Structure formats: C-alpha cells, structure tokens
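Number of protein chains: 2
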Amino acid sequence: MDRKKAVILLSGGLDSATALAVAADKGFACYALSFAYGQRHDVEIRAAEKIAAAFTCIEHRTVNIDLSQWGGSALTSADIDVPKDRTDGEMAEGIPVTYVPARNTVFLSFAVAWAEVIGAKDIFIGVNSIDYSGYPDCRPEFIRAFEECARLGTKAADEGWTFTIHTPLQKLGKEEIIKLGVSLGVNYSMTHSCYDPSPDGLACGHCDSCELRRKGFTEAGIPDPTIYA
Amino acid sequence: MDRKKAVILLSGGLDSATALAVAADKGFACYALSFAYGQRHDVEIRAAEKIAAAFTCIEHRTVNIDLSQWGGSALTSADIDVPKDRTDGEMAEGIPVTYVPARNTVFLSFAVAWAEVIGAKDIFIGVNSIDYSGYPDCRPEFIRAFEECARLGTKAADEGWTFTIHTPLQKLGKEEIIKLGVSLGVNYSMTHSCYDPSPDGLACGHCDSCELRRKGFTEAGIPDPTIYA
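In order, the protein sequences belong to chains A and B. Residues in the first sequence are numbered consecutively from 0, following numbering that gives the first Met the number 0. Residues in the second sequence are numbered consecutively from 0, following numbering that gives the first Met the number 0.
Treat the hints loosely; a few may be bogus.
Since the list gives no way to pick out one identical chain from another, each pair is judged satisfied if it fits inside one copy or across any two copies.
What the hints assert, rightly or not - Using 35 Å as the maximum straight-line C-alpha spacing, the simulated DSBU-like pairs for lysine-lysine come out as follows:
no., residue 1, residue 2
1, Lys25, Lys83
2, Lys120, Lys83
3, Lys154, Lys83
4, Lys154, Lys178
5, Lys154, Lys214
6, Lys83, Lys4
Just so you know, these hints were derived from the structure itself, not from any lab. A quick note: this is a predicted structure, and the numbers were derived from the prediction, not measured.
Take the sequences, apply the hints, and build the full model.
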C-alpha cells in the first residue's frame with residue numbers, strides 16, 4: 000500500500016526538524032516545504048536542505064516569497080534590531096518585534112496548496128506554546144481555525160474530508176522536544192535557530208531563539224552542538 | 000482625520016476592479032495587491048496596474064509567488080487545457096480544472112500580512128457566489144473562516160480587534176456587478192477576465208470567464224468593451 004503523504008513545514012530550525020522526524024516516524028511519505036521569505040537568517044534554508052535529505056523526504060521545495068518587501072519585523076527588516084539577552088520576564092511580555100506578520104498563515108496556505116495538488120491530507124508544523132516567543136500564529140486556536148479554513152477553501156469540503164494540521168510539539172517544552180528529536184534520530188548540529196547569525200552563519204547566542212535553544216539543551220542534559228559566534 | 004486603510008485584492012479582472020471601486024467609494028485609503036503567480040493569463044497584471052492607477056490607490060503591489068511550480072490547475076499548468084464553450088449545465092457541475100488549489104487562501108494570507116504591517120483592518124475581495132466558476136474558496140463560509148483565522152493568527156486577537164474581509168459582490172449576479180461598477184466609474188475596458196488569452200493579450204471569448212463576462216454585459220444592457228480574438 001502506498002504510504003500516506005504529508006507536507007511538513009521545515010524552516011531548518013530545531014522545532015521543524017523534530018516535527019519532520021515525527022512525521023517520518025509515523026510512516027508518512029514526507030514532502031518538506033521551506034520558504035526563502037527575505038529572512039535575516041536565510042542560512043536556515045541550507046539547514047532545511049540538509050535535514051530534508053537526512054530524513055529522505057520524497058521532495059523538498061523552497062518557495063520564494065519576499066515578505067521583506069513590506070517588512071514589519073526584525074526578521075524581515077534591517078531597520079528593526081533583533082533583541083538580545085532578554086530575561087524570561089521580558090520574553091513573556093507580549094508579542095516581540097521578531098514576530099513576522101501573518102507568517103504562519105502564509106506558510107500554511109502554501110502547504111495546503113501543495114498538499115491539495117499532491118493529494119496529501121496531512122500537514123505538519125512545529126509550533127509550540129511552551130518555550131516559544133509569544134507569536135500569535137503558534138497558538139492552538141489559530142491552528143484549529145486554519146484547519147477549518149483549509150477544509151472550506153479547497154475541494155476537501157465538497158469531497159467530504161478534511162485536512163489535519165499536526166502540531167506534535169504544541170505542548171512540549173524545548174527540552175522535551177530535543178529529547179524526542181534525539182530519540183527519533185535528529186542530528187541537531189544540522190539545524191539552525193538563530194535569528195541574527197554572523198555573516199558566516201554562526202549563531203549569535205543572545206537572541207530569544209538562541210536563548211531558548213541553549214536552555215533546552217541544558218535542561219535536556221544533552222550537549223548543545225551549536226557553534227556560537 | 001486620516002482615512003481608514005484597506006487592502007484590496009486586485010486580479011485585474013471585472014470583479015476585483017468593482018470591489019476596488021466599492022472600497023474607494025466607501026472612502027478607504029486603498030492599497031491594491033496583485034499576484035504574479037505563474038498564471039497563464041498574466042496579462043491581467045497589466046490590467047491591475049491600470050485599474051489601481053485609475054482609482055488612485057495609495058500603493059499597488061504585485062507579489063511574485065510561483066504557484067506554477069506545482070501546477071494542479073489549467074491556469075498554472077500548460078499540461079491542463081482551459082475548457083471552452085461549456086454550457087451553463089456543465090459549468091454548474093462541481094469544481095472545474097481552472098480552480099487553482101488554495102489560491103484565495105494564499106492571496107488572503109498575503110493581504111492580511113500586508114494589512115497588519117500598514118495598520119489596515121479591512122480587506123476587500125471580489126468573490127461572488129452567483130455567476131462564478133464554482134470555486135470553493137469563493138464561498139461565504141470560507142471567507143468567514145478565514146476572517147477568524149486572520150484574527151487569531153495576528154496581533155488582532157491580543158489587541159482585541161478583528162480584520163473585516165469585505166465581499167461586496169458576494170450576492171450579486173454578473174450584470175449587477177457591472178451596473179454597480181459603471182455607477183462607480185469603473186472603466187471595464189481596462190479589465191481582463193479571460194483565462195486563456197491570445198499571445199497579444201486578447202480575450203478568447205470561449206472560456207468560462209469570458210462566457211460569464213459576456214453574458215453579464217448582455218444582461219446589463221451595457222456594451223461589452225472587451226476585444227475578443
């Protein structure tokens with residue numbers, strides 16, 4: 000029997016690599032989808048390529064969409080600095096400037112488009128609500144709303160089925176994500192998390208994403224393979 | 000007082016030009032958004048430029064997103080022919096091959112992204128459920144689902160407001176749309192509807208979109224300014 004197909008949103012970071020590992024472990028034929036969206040840390044795209052190859056994805060596509068044309072985020076505009084060395088308290092205070100307006104809505108819309116074309120009914124996204132940056136498009140209510148939207152905005156509703164958007168990391172802390180990924184064979188040295196890498200692609204060690212990643216490895220008791228600048 | 004901003008999805012066709020006219024008439028500061036998505040009829044992009052200029056949009060952006068990379072539609076794949084000379088009965092039979100998977104989901108996701116960046120809470124889209132091609136992403140339930148998605152996937156929910164997705168043409172027949180547009184100053188000779196234009200950009204006169212357009216002008220009793228090949 001043919002394996003069920005799934006589209007996996009793969010940024011190249013720690014979370015999405017783990018989400019891919021979960022999808023592969025569940026036996027899905029994996030179609031990985033990445034975006035060159037004008038992000039400051041486009042080094043993550045090369046990371047995504049390595050990870051997709053490591054998990055023998057059937058296909059890996061990197062779609063070009065220039066969100067830097069309107070900016071509005073520290074990740075897509077050179078005019079907004081990436082915050083560094085924030086305390087846990089500061090991180091808990093609302094939506095940070097690294098939030099990219101509607102990013103996951105855009106990413107998921109492409110995932111649904113590709114899924115419909117290849118006949119996949121399953122989509123994986125590595126959002127989580129525990130050790131994250133407070134982005135609105137990572138919350139479970141958003142994911143459920145998008146799932147409904149995907150059903151109604153495609154042939155699914157007419158054909159009587161629905162897309163399932165899997166969020167296997169939704170309720171996991173970073174250290175749990177890392178332990179899960181290691182158990183599934185993720186080589187985290189391939190992944191890139193830093194929002195503001197050096198010109199040669201090394202992690203800054205001080206942005207929210209680096210802080211969360213470093214803390215995760217420490218708490219998991221697993222050596223952090225990241226090379227910091 | 001500053002005018003409220005609205006993002007208007009502007010394909011360059013008859014419907015979206017009318018939706019823009021409605022938004023302008025309501026006094027919105029209009030930000031028009033078009034897509035070069037690998038469509039067979041990319042001549043519509045030049046039409047959109049003319050229309051945006053005619054309605055003195057504050058800004059008009061054409062975003063490049065290549066949906067032809069995975070195809071799956073007669074509009075984005077050279078391998079699928081655009082159906083011609085279909086009867087009303089044939090047009091009523093389900094979703095046609097000109098349906099572009101998840102297109103309006105993708106378009107609306109970019110509209111929300113841009114809207115959030117510029118501080119617009121209103122989005123206009125020229126979908127309608129009467130004289131249309133049976134696309135799932137034109138139905139009111141989809142639009143309402145997307146509205147909720149936009150609220151939850153952006154800062155809106157945290158800040159206690161919501162995006163409004165205006166669909167002023169939802170319940171209008173093509174002839175009513177044309178009459179409305181004419182009353183609001185739309186010059187339909189600027190618009191392009193044909194799915195399968197000749198190499199020099201002339202309408203084929205036989206695809207569903209040409210048929211619906213021609214019928215609309217006839218029923219409205221207004222001369223059709225379209226030049227057919």
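Hints, verified against the model:
1. Lys25 with Lys83: For lysine 25 and lysine 83, the Cα distance exceeds 35 Å both inside one copy (37 Å) and across copies (44 Å).
2. Lys120 with Lys83: between (39 Å within a copy, 31 Å between copies)
3. Lys154 with Lys83: between (45 Å within a copy, 22 Å between copies)
4. Lys154 with Lys178: Between. Shortest inter-copy distance 32 Å satisfies the 35 Å Cα cut-off; intra-copy 38 Å does not.
5. Lys154 with Lys214: Answer is between; shortest inter-copy Cα gap is 27 Å, intra-copy 43 Å.
6. Lys83 with Lys4: between (39 Å within a copy, 33 Å between copies)
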